[in-house]
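Trainee: Listed below are the residues making up each chain.
2 protein chains.
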Amino acid sequence: MPTLDICFSPELLPLYNLKGKVAVVVDVLRATSSIVTALAAGVAHLVPFSELDECRAMAAQGYLTAAERDGRQAEGVDLGNSPFGYLDGQVAVQGRTVALTTTNGTHALHLSAAADEIVVGAFLNLGAVANHLRLLNKDVVVVCAGWKGHFCLEDTLFGGALAARLQADFDTTASDATLAALDLWAAAEPDLGGYLLRSAHVRRLNHLEAHQDMAFCIRQDEYDLVPVFKNGRIQITD
Amino acid sequence: MPTLDICFSPELLPLYNLKGKVAVVVDVLRATSSIVTALAAGVAHLVPFSELDECRAMAAQGYLTAAERDGRQAEGVDLGNSPFGYLDGQVAVQGRTVALTTTNGTHALHLSAAADEIVVGAFLNLGAVANHLRLLNKDVVVVCAGWKGHFCLEDTLFGGALAARLQADFDTTASDATLAALDLWAAAEPDLGGYLLRSAHVRRLNHLEAHQDMAFCIRQDEYDLVPVFKNGRIQITD
Numbered sequence: 001m002p003t004l005d006i007c008f009s010p011e012l013l014p015l016y017n018l019k020g021k022v023a024v025v026v027d028v029l030r031a032t033s034s035i036v037t038a039l040a041a042g043v044a045h046l047v048p049f050s051e052l053d054e055c056r057a058m059a060a061q062g063y064l065t066a067a068e069r070d071g072r073q074a075e076g077v078d079l080g081n082s083p084f085g086y087l088d089g090q091v092a093v094q095g096r097t098v099a100l101t102t103t104n105g106t107h108a109l110h111l112s113a114a115a116d117e118i119v120v121g122a123f124l125n126l127g128a129v130a131n132h133l134r135l136l137n138k139d140v141v142v143v144c145a146g147w148k149g150h151f152c153l154e155d156t157l158f159g160g161a162l163a164a165r166l167q168a169d170f171d172t173t174a175s176d177a178t179l180a181a182l183d184l185w186a187a188a189e190p191d192l193g194g195y196l197l198r199s200a201h202v203r204r205l206n207h208l209e210a211h212q213d214m215a216f217c218i219r220q221d222e223y224d225l226v227p228v229f230k231n232g233r234i235q236i237t238d
Numbered sequence: 001m002p003t004l005d006i007c008f009s010p011e012l013l014p015l016y017n018l019k020g021k022v023a024v025v026v027d028v029l030r031a032t033s034s035i036v037t038a039l040a041a042g043v044a045h046l047v048p049f050s051e052l053d054e055c056r057a058m059a060a061q062g063y064l065t066a067a068e069r070d071g072r073q074a075e076g077v078d079l080g081n082s083p084f085g086y087l088d089g090q091v092a093v094q095g096r097t098v099a100l101t102t103t104n105g106t107h108a109l110h111l112s113a114a115a116d117e118i119v120v121g122a123f124l125n126l127g128a129v130a131n132h133l134r135l136l137n138k139d140v141v142v143v144c145a146g147w148k149g150h151f152c153l154e155d156t157l158f159g160g161a162l163a164a165r166l167q168a169d170f171d172t173t174a175s176d177a178t179l180a181a182l183d184l185w186a187a188a189e190p191d192l193g194g195y196l197l198r199s200a201h202v203r204r205l206n207h208l209e210a211h212q213d214m215a216f217c218i219r220q221d222e223y224d225l226v227p228v229f230k231n232g233r234i235q236i237t238d
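Taken in order, these protein sequences are the chains called A and B. When we follow full-length UniProt numbering, the leftmost residue of the first sequence carries the number 1, and every step to the right adds one. When we follow full-length UniProt numbering, the leftmost residue of the second sequence carries the number 1, and every step to the right adds one.
Some hints could be false.
[Stated by the list, open to error] Here are the simulated DSS-like cross-link-like pairs (lysine-lysine), alpha carbons at most 27 angstroms apart as the crow flies:
(1) 230/A / 138/A
(2) 148/A / 138/B
(3) 19/B / 148/A
[As the list claims (entries may be wrong)] Covered stretches of chain A, as calculated for chain B (at least 3 residues, CB under 8 angstroms):
(4) 22-31
(5) 149-158
(6) 178-188
These are computed hints drawn from the structure, not numbers from a lab. Cβ coordinates follow ideal geometry from the N, Cα and C atoms, glycine included.
One chain only, chain A, in its complex shape (with noise of 0.2 angstroms):
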């Protein structure tokens, strides 16, 4: 039976040989899930870039750009790092590609490049994700993407649910992580709105469009899609 890990930090990556494995980056707040959001609203493909300049760049060669630095929207580019952004029809999207660039999401898409397989992991698109998994059958590591390194509950949560619909078919008890990611989980799917709410980082991003976004980004389910990650681009794998 492969096994169901968790890396809690792009910071302890060293530690984790990925070869061989499935990596699953996660971004609950918010990278991840706008990812998920815009291939579900109809963009191509998405380009993730590490600096902002090489982001803006990409607007030469017809990309819509997306930036944000800590937690908003940065200066001149197309669309923040919010979800609504592919949704709201203030800028069409449909059959447009993306580069993007985010505070903690694209770092960890980069640190993961030796895993045979990069998958792009949100609540919107978990069930998705989970039937991917199984397809695969191999060793899985969950990347969350953290607070500038930091452990974060919300993609620690995201590990969780995963593992949990995961338990049948992959060994989650061989690392404490995974045990603890699971616990956590147990405690916050009654109200995981609520549960959020307390976190250190949720709290940083006290204003109404952030919790509008969070709102969004923990439902299940919602999109039936699993992008991945490969030659530089993020799209829907067949």
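Given chain A's structure and the hints, the job is docking chain B onto it.
Mentor: Just chain B, lined up with the frame of chain A:
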């Protein structure tokens, strides 16, 4: 109100600024539990070393030597890493000095050097550490020794137990790590031994001696003493 934060792994310590703060280093299984026990049994002071050879060389200076590698007593030393080594009477420890090295605990002690004070914590002296921190009234970072850099449950649960005792006097809500540790402690407290028997680390130590050690190391408030690490030595604070 000072804050209480928890660092889940020595690998994450570079993210924390320990200056002006108190570091509480914890390696429940078993380094810090054994240090507390050693001092309770009358050891004058202990000197931690990173390398086994350095540790062994201290025998020439009259030190007892204690060393563990991968869970077992190392070759050519007087004591392993079991707290019972200081209690069972096979080695006379009263008034002696001890050189020790362990896989994870020693590393965490040395990495915490930037802190104003480095306290050695364990369930065995939980209440004494809590009282000491109340008196110091400074920001606290609990430094979990972890398992080869990975998150481990037993050290995290110590952090949660300490945070639970200090909730009236410290801000225990400022980091997601502390919030998670508090919830894990709430889940584990009714049957801490049973809870830890599920943990990956404890299952790796699946032999009789390890289980006896664990049953001892999770006793709370067995000893009313606070070891501090200062000028290379661990001794009881005044």
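Trainee: Would you mind marking each hint as holding or not holding in the structure?
Mentor: To see whether the hints hold, each was checked on the structure:
no. : hint          : in the structure
1   : 230/A / 138/A : holds (18 angstroms)
2   : 148/A / 138/B : holds (24 angstroms)
3   : 19/B / 148/A  : holds (19 angstroms)
4   : 22-31         : violated (count 0)
5   : 149-158       : holds (count 6)
6   : 178-188       : holds (count 6)
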